[in-house]
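S.K.: As given, the protein sequences belong to chains A and B, one line each in that order. Quick note: the first sequence, position 182, residue 246 per this note's numbering, numbers continuous. Quick note: the second sequence, position 223, residue 304 per this note's numbering, numbers continuous.
Worth flagging that the hints you see were computed from the coordinates, not collected in a lab. Remember, predicted model here, so these are calculated numbers, not experimental data. C-beta: ideal position from N, C-alpha, C; glycine also. Honestly, I wouldn't trust all of these hints.
Calculated pairs, DSBU-like style, for lysine-lysine (alpha carbon to alpha carbon, straight line, at most 35 Å) [said to hold, decoys possible]:
{"#": "1", "chain 1": "B", "residue 1": "257", "chain 2": "A", "residue 2": "245"}
{"#": "2", "chain 1": "B", "residue 1": "263", "chain 2": "A", "residue 2": "245"}
{"#": "3", "chain 1": "B", "residue 1": "333", "chain 2": "B", "residue 2": "222"}
{"#": "4", "chain 1": "A", "residue 1": "135", "chain 2": "B", "residue 2": "263"}
{"#": "5", "chain 1": "A", "residue 1": "161", "chain 2": "B", "residue 2": "333"}
{"#": "6", "chain 1": "A", "residue 1": "247", "chain 2": "B", "residue 2": "222"}
{"#": "7", "chain 1": "B", "residue 1": "263", "chain 2": "A", "residue 2": "238"}
Residues from chain A that keep clear of chain B, each with C-beta distances beyond 10 Å, as calculated [to be verified]:
{"#": "8", "residue": "81"}
{"#": "9", "residue": "88"}
{"#": "10", "residue": "108"}
{"#": "11", "residue": "161"}
Residues per chain are reported as follows:
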Amino acid sequence: MATRQLPIYPTDRDLYVALSHREERAYQFLYAESFPAFRHWMLANSGSEMDAEDAFQKGLLSFLLNIETGKYQFQEETRVTTVVFEYCKRVWLTELKSARFRTKVAMPDGFDTIDSTDVATDLERLDVVNAVRQSLQQLKGDCRQLIEWFYVEELSLRDIAQRLGMKETSVKSKRYDCAEKLKAFYQQTSIQRDL
Amino acid sequence: MNLSEEQYDIIEAYLANELSASDRASFEGDIQADAELSAEVERQRTLRLGLRALGIEQALVRAKAHYQATSSSQAALSSRESPIIRPLVRLLNTWQYWVAAASIVLLLGVGYYAFQQQLARRDAVAYADSFGPAPTDQVMKGFPTAAFPLADRPRLLDAFKNYKAGKYDRVIDQLKTLPADKQTIYYKNYFLGLTYLANRQPAEALPLLNSARIAPALALRQKATWFMALAYVKNGQKNKALPVLKQISTDKANPFNALARQVLQKID
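Can you build the whole structure from these sequences, using the hints too?
M.R.: Spelled out as structure tokens, the structure:
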């Protein structure tokens with residue numbers, strides 16, 4: 065329940081707020097709270113240890129991205145860990161349903177009743193993430209570092225300027241140049257991957 | 082759409098929710114009126130979300146490492162706290178009992194030693210069959226050399242050559258001081274771990290291969306897990322090798338599935 069006492073976060077709402085603020089401790093807490101139960105479920109549903117880690121990673125990432133975009137909003141009567149479990153479970157059931165697995169394992173009972181449209185959309189978004197990753201790797205060292213610092217690690221322009229020994233205005237211009245290069249790589253990658 | 086720096090800054094501020102209410106309303110009017118601008122804003126939004134996802138992925142890798150470290154330390158603590166099982170000793174009163182007991186111990190000891198020697202040989206054979214002296218392809222395949230700084234790439238390429246030539250001590254020296262960031266550290270640890278393994282130092286290889294098992298790339302995790310299992314075999318830790326090999330052997334999608342089954346047949 066939403067009012068359940070958690071060791072670090074007094075309520076599920078506090079945990080949700082911490083996750084939406086991207087607190088590292090909240091990620092660690094959620095991982096430790098959710099993974100053991102999901103792993104246990106996976107091993108009982110045609111999955112291996114590594115499958116469990118992969119499906120958990122994808123499900124948890126989709127959940128956190130949906131918090132970022134506002135697609136997932138906190139629900140008073142629903143525990144965050146229950147929602148995460150459901151996300152990860154649906155990732156695995158969708159993969160089981162895919163052609164790769166269909167002929168190899170039996171589907172767990174009740175899967176056909178699950179609407180997998182949202183899962184498919186979330187998984188497609190992970191394809192976009194991989195395209196962005198590939199595009200970022202195509203950037204040269206200094207550009208990649210700057211984009212990573214600003215957009216991935218979320219450092220301020222001032223902090224980056226201090227690290228590079230540059231003026232903040234120069235870093236801002238360089239960010240523009242690098243972001244345009246990244247966009248060009250991304251457009252090429254998107255076409256190649258038919259995104 | 083090619084953006085000017087000014088246009089880029091406005092989109093940046095808009096997506097970061099940093100525009101004033103009036104500027105925001107005005108810009109949204111521009112978006113509605115200009116399909117090309119609208120598409121560009123969406124593209125920029127997608128790129129930022131993708132980059133944000135990479136940040137979350139990194140945070141989840143750290144969360145996983147934290148979870149594994151916590152689980153390991155808790156397991157170690159509980160094993161230390163587990164009650165000591167004391168054998169029930171029956172007192173013997175006559176010297177005949179002592180002689181009989183000593184004979185049994187001697188026989189069991191000799192038999193156990195012979196059995197252990199046989200097992201050790203069998204494990205070594207399994208290891209030698211599955212891990213040849215120069216698995217250079219396994220190191221280089223998919224290795225993101227371009228992800229390392231330009232200045233360090235010649236050293237990395239030289240390390241590959243030395244590895245292929247069997248100069249493992251030299252490779253270890255080169256890799257130990259090779260700088261790595263959050264992305265490349267897993268590959269560096271994997272390469273260094275394999276080199277220790279090839280250099281018959283499995284104890285040194287184990288922590289490095291284990292750390293590569295939390296890499297974001299599935300292919301690297303699978304390779305690191307497989308070679309970690311072999312390192313356990315080589316290090317005489319069959320009890321630790323077996324569950325890993327069994328896990329690989331039951332995962333049909335794992336490229337080392339068949340090899341793991343072969344090794345299991347030999348040592349289990």
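S.K.: The structure should be examined with respect to each hint, and the outcome stated for every one.
M.R.: Structure-based check of all given hints:
About 34 Å separates the Cα atoms of residue 257 of chain B and residue 245 of chain A, which keeps this hinted pair within 35 Å; it holds. Under the criterion of a C-alpha separation no larger than 35 Å, the hint pairing residue 263 of chain B with residue 245 of chain A is consistent with the structure, at around 23 Å. Among the hinted pairs, residue 333 of chain B with residue 222 of chain B is consistent with the structure: their alpha-carbon atoms are about 21 Å apart, no more than 35 Å. The suggested pairing of residue 135 of chain A with residue 263 of chain B holds, with an alpha-carbon distance near 29 Å, which does not exceed 35 Å.
Restraint check for residue 161 of chain A and residue 333 of chain B: satisfied, since their Cα atoms lie roughly 16 Å apart, inside the 35 Å limit. Proposed proximity of residue 247 of chain A and residue 222 of chain B is supported: the alpha carbons are some 28 Å apart, at most 35 Å. Our distance criterion of 35 Å between C-alpha atoms is met by residue 263 of chain B and residue 238 of chain A, whose separation comes to about 23 Å. At the 10 Å boundary, the C-beta of residue 81 of chain A stays outside the reach of chain B, the nearest C-beta of that chain being 16 Å off.
Against the 10 Å criterion, residue 88 of chain A falls within the reach of chain B, whose nearest CB is about 6 Å from its own CB. No beta-carbon of chain B comes within 10 Å of the beta-carbon of residue 108 of chain A; the shortest separation is about 14 Å. No beta-carbon of chain B comes within 10 Å of the beta-carbon of residue 161 of chain A; the shortest separation is about 15 Å.
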